[in-house]
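Given only the sequences and the hints, what does the whole structure look like? Please build it.
Protein chains: 4
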Amino acid sequence: MNILIMAASLRRDSYNKKLAAVIQNILKTQNHTVTELNFADFLAPFYNADEQDSKGIPQVVSQFAQKMLSHDALILISPEYNYSTPGILKNLIDWISRMRPMPFAKYPIMLASASPAMAGGNRGLLQTLTTLQAACGAYVFPSMFSLSQADKAFTANNQLQDPALVETLSKVLVEFSKFTSKTFVHDKLS
Amino acid sequence: MNILIMAASLRRDSYNKKLAAVIQNILKTQNHTVTELNFADFLAPFYNADEQDSKGIPQVVSQFAQKMLSHDALILISPEYNYSTPGILKNLIDWISRMRPMPFAKYPIMLASASPAMAGGNRGLLQTLTTLQAACGAYVFPSMFSLSQADKAFTANNQLQDPALVETLSKVLVEFSKFTSKTFVHDKLS
Amino acid sequence: MNILIMAASLRRDSYNKKLAAVIQNILKTQNHTVTELNFADFLAPFYNADEQDSKGIPQVVSQFAQKMLSHDALILISPEYNYSTPGILKNLIDWISRMRPMPFAKYPIMLASASPAMAGGNRGLLQTLTTLQAACGAYVFPSMFSLSQADKAFTANNQLQDPALVETLSKVLVEFSKFTSKTFVHDKLS
Amino acid sequence: MNILIMAASLRRDSYNKKLAAVIQNILKTQNHTVTELNFADFLAPFYNADEQDSKGIPQVVSQFAQKMLSHDALILISPEYNYSTPGILKNLIDWISRMRPMPFAKYPIMLASASPAMAGGNRGLLQTLTTLQAACGAYVFPSMFSLSQADKAFTANNQLQDPALVETLSKVLVEFSKFTSKTFVHDKLS
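Chains as they are written, first to last, in my numbering: chain L, 277 to 466; chain A, 277 to 466; chain G, 277 to 466; chain P, 277 to 466.
Since the hints were derived computationally from the structure, they do not count as laboratory data.
Note that the list lumps identical chains together, so a pair holds whenever it fits in one copy or between two copies.
Calculated lysine-lysine pairs in the DSSO-like style (CA-CA distance at most 30 Å, straight line):
| hint | residue 1 | residue 2 |
| --- | --- | --- |
| 1 | 447 | 304 |
| 2 | 294 | 304 |
| 3 | 331 | 428 |
| 4 | 428 | 447 |
| 5 | 294 | 331 |
| 6 | 294 | 454 |
Following this line, the structure appears as structure tokens:
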């Protein structure tokens, strides 16, 4: 499959970017084609309904949506800010949600997070789940991968230290690709 | 398809039971077989890990799980209590979640709610979504049907007054049956 | 102050009960009077609006509410079940919320949780916060104490191993007692 | 009291701005001093931890925090975007949450929302509550005012049509000012 992947952080040494790289490598060994997007290339202006009326959807927003729709699925790796979705990521989602047809509708998405906290990014991912699935109609994959204590999780060359975690993550990705082929890919072919 | 349906209310004149009956009728016109469960028959004892250790899973809990697994999907119609899942329903879910293999895993569920409030039962359904999907691994259908002002929504013989609502609900149910055949039914056949 | 404390678990060796005992000891060194309730004594029947109409509020429910109102604040220590409030605890809250005047209104509550998971009981506490504060009007204290890896957190005689955690918890309890005296106790005196 | 008020919308004819104006008028009749902020003046750059490290907190962010701390309380009127906090507002909160001492800690905030939807902005406010209170330590007032069907709620000169709603809102504001004087104002004097 063709999988789109993006870490929703602007920080250069972001743990979420490192996790994105790990996921990308696993997906390649599972024979998927992966496109990684740079979050910094998709910074939409602040959502403003008046600007939408006068100027339409900003170009970076429709470009992101096109990227989604030219791939079979999206894996979104997002930090948790204040127990919820980062404002910047939410602003991009808010814009995309105004496009018609809704790009998220029936689109398979897997959520992951990396955080130095013991609690990982769970609370934030639950809120992103609510937004993407219940409000925007995406097929969010039930298993969300939350890497806790991310400051100690990576080796010097950015692999996950714990082989058990790699195995768990690999299995989740296999399941997500099955979920994607059953839902979105199936729809495109029928 | 074989669809299981249950209104998670004990009240005799429950709006959620009325909505369950409406959904059941629509499903039949869509050529599905429907089994309606009576919530009062599935009142599990209060969850207690010690009792689970000594006596195992209560019979009503495993019976509910068997009902689920002998059907292709579950439609759960639940009131909202205090912006969340009713305690009684949550207690049943808490028990089911202790069974292995987990009965909810990859199982398609649609959530609906009826409430006299303007806000409908949305907040409660969002919490039930989190529990069933993120914690228990169910494939919860993105579209959740929340009937607001339910005290004025039904005719004397328990039909929905508003034909637009009936049409919306019918379309959601068609989509849910497609979702189910792509996910769960597909798994059983493969 | 007079503080009510309860661990919302029925399990004999519950980590939440152990945390309740630790909190109780700290409160006593802070010169508070503490009453600990046994959750097993407050198991309300399954909420049923018809039974409320015919029989009124069950005795254990009004007894719990009376205990609350004869104390200055409640500390509720609750496990997380499936990323949310335990069904049994929610059922008790659902009943209490039907009493008028609403016992939770403006009543100071601190939430805590103990869990063997790395993530602690955070997600569950956030849902209990929504229910108690936004739906029921309680003054829930912002700082919630979530003990993660609770299976390794206690000494043989049920003290917290980590002195830093004891200090954090002690400070939170001091802050909670200040919060309580500013809100609830102040109301009673005026 | 000195109350700060802001509608978190950029739209010129925003229902949330109209609700902010109504609230402001009521507060003045209740003998409070009100400062209304224009959200467009407080658009922080996209949160980036590297920029925080190199350049510190942006000026508009510290200005907003100063405005908060030179007033006794904040009333935040926010639309709901995709069942959650608007991305732009969340981005401002994400920045403020990085300041030390944390400006939100123990600071009294009331949340309100206006929406053309029947469900109002309830789901979004619940998420903003979680962020501001549980993550950032604010004293969020339990009663949140959510105006549903806002497109029909205002008269030609921007008053609320329904006198019962005005009365409800007035009472909530009286309660909020009591809550504020018990918590924040009390702290400043002691």
